[in-house]
Amino acid sequence: MSFTTEILLSALVLIGAVFTLIGSLSLVRFKDFYTRLHGPTKATTLGVGCLLIASSVFFSVTGEGLSLHEILVTLFLFITAPISAHLLAKAALHLGLR
Amino acid sequence: MLSSALILAFALVGIAFGLSFFRLVRGPTAPDRILALDTLYINAIALLILLGIHLCSPLYFEAALLIALMGFVGTVALAKFLLRGDIIE
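Respectively, the protein sequence lines represent chains F and V.
The numbering of the first sequence is my numbering, which starts it at 22 and goes up by one.
The numbering of the second sequence is my numbering, which starts it at 83 and goes up by one.
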């Protein structure tokens, strides 16, 4: 693995981990449910997205050939995150949370 | 360099795990707890991907994909239960 690839991988891994941390931190720090709902979305899309790109690059460089199964996880998460957020908001409205 | 970045990332995701677990235990209402559970499975996926890079093994994606599937089904079922009082009508 070349030095440039290693720098790129380290940056992607760190950015992903920091965004995951920010998502959970917003879950603890925000005041009510509807503001809390928007924090973990960043953890899903940016955090796990960056980590999956990093692992895709890593296994493409070290293993044999292009590695694309990570796209499956990314695609699934990107499709399902808005659906679950929508259902949670609907449930909270139904319960009458302020 | 990548190994030290990975260790730092493990620590950060571990802290994130602890924070969402705190909201899961503490959360004043039921939707808060469901949201915390949703975030916990996202964190578990992140941790599994990091472990896969750390151990140089592509086996861990299968586990990450399974957690993503089951976590989504669990979240939808719990939200549906809050919404309708029943899961399958």
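The set of hints was computed from the structure by calculation and includes no laboratory data.
On a predicted model such as this, the values are computed, not experimentally measured, just so you know.
Beta carbons: idealized from backbone N, C-alpha and C, even for Gly.
Mixed in with the good hints, there may be bad ones.
[Claimed, not checked] Per label pair, the in silico range of CB-to-CB distance:
1. V:111 - F:87: 37 to 47 Å
2. F:107 - V:83: 37 to 47 Å
3. V:155 - F:52: 26 to 36 Å
4. F:23 - V:152: 19 to 29 Å
5. F:87 - V:151: 17 to 27 Å
6. F:59 - V:156: 34 to 44 Å
7. F:117 - V:83: 28 to 38 Å
8. F:99 - V:104: 26 to 36 Å
9. V:169 - F:117: 15 to 25 Å
10. F:32 - V:148: 41 to 51 Å
[Stated by the list, open to error] Dumping the calculated BS3-like pairs for lysine-lysine here, alpha-carbon to alpha-carbon at most 25 Å:
11. F:63 - F:52
12. V:162 - F:111
13. F:111 - F:52
14. V:162 - F:63
15. F:111 - F:63
[Claimed, not checked] Listed below are several chain F residues computed to face chain V (Cβ distance under 7 Å; list not exhaustive):
16. 31
17. 54
18. 76
19. 79
20. 81
21. 99
22. 101
23. 103
Each hint tested on the structure:
Checked against the hint of 37 to 47 Å, the pair residue 111 of chain V and residue 87 of chain F passes, with Cβ atoms roughly 45 Å apart. For residue 107 of chain F and residue 83 of chain V, the Cβ-Cβ distance of about 41 Å falls inside the hinted range of 37 to 47 Å, so the restraint holds. About 30 Å separates the C-beta atoms of residue 155 of chain V and residue 52 of chain F, a value consistent with the hinted range of 26 to 36 Å. Here the CB-CB span from residue 23 of chain F to residue 152 of chain V is close to 38 Å, at odds with the stated 19 to 29 Å.
For the pair residue 87 of chain F and residue 151 of chain V, the beta carbons lie near 24 Å from each other, so the given range of 17 to 27 Å is met. Distance hint for residue 59 of chain F and residue 156 of chain V: a CB-CB separation of about 21 Å, inconsistent with the stated range 34 to 44 Å. A hinted range of 28 to 38 Å is violated for the C-beta pair residue 117 of chain F and residue 83 of chain V, which are about 52 Å apart. Remark: the range hint 26 to 36 Å for residue 99 of chain F to residue 104 of chain V is upheld by a beta-carbon distance near 27 Å.
For residue 169 of chain V and residue 117 of chain F, the hinted distance range of 15 to 25 Å is satisfied, since their beta carbons lie about 21 Å from each other. For residue 32 of chain F and residue 148 of chain V, the hinted distance range of 41 to 51 Å is not satisfied, since their beta carbons lie about 29 Å from each other. A distance of roughly 18 Å separates the Cα atoms of residue 63 of chain F and residue 52 of chain F; the hinted pair therefore holds under the 25 Å criterion. Note on residue 162 of chain V and residue 111 of chain F: the hinted pairing holds, with a Cα-Cα distance of about 9 Å set against a maximum of 25 Å.
Restraint check: the Cα-Cα separation between residue 111 of chain F and residue 52 of chain F comes to about 19 Å, which is no more than 25 Å; the hinted pair holds. A threshold of 25 Å between alpha carbons decides the hint, and for residue 162 of chain V with residue 63 of chain F the separation of about 24 Å falls inside it, so the pair holds. At roughly 20 Å between alpha-carbon atoms, residue 111 of chain F and residue 63 of chain F fall within 25 Å of each other, so this suggested pair holds. Annotation: residue 31 of chain F was flagged as interfacial toward chain V, and the flag holds, the nearest CB pair being 4 Å apart, inside 7 Å.
Checking residue 54 of chain F against chain V by beta carbon gives a least distance of about 6 Å; that is within 7 Å, so the hint holds. Of the supplied interface hints, the one on residue 76 of chain F holds, with its beta-carbon coming within about 5 Å of a beta-carbon of chain V, less than 7 Å. The criterion of a C-beta within 7 Å of any C-beta in chain V is met by residue 79 of chain F, whose closest approach is roughly 5 Å, and the hint holds. Annotation: residue 81 of chain F was flagged as interfacial toward chain V, and the flag is violated, the nearest CB pair being 11 Å apart, outside 7 Å.
Contact between residue 99 of chain F and chain V, as hinted, is not supported at the beta carbon level, the nearest pair being about 11 Å apart and thus beyond 7 Å. For residue 101 of chain F, the shortest C-beta to C-beta distance to chain V is roughly 4 Å, which falls under 7 Å, so the interface hint holds. For residue 103 of chain F, the shortest C-beta to C-beta distance to chain V is roughly 11 Å, which exceeds 7 Å, and the interface hint is violated.
Hint check: violations occur at hints 4, 6, 7, 10, 20, 21 and 23; the rest are consistent with the structure.
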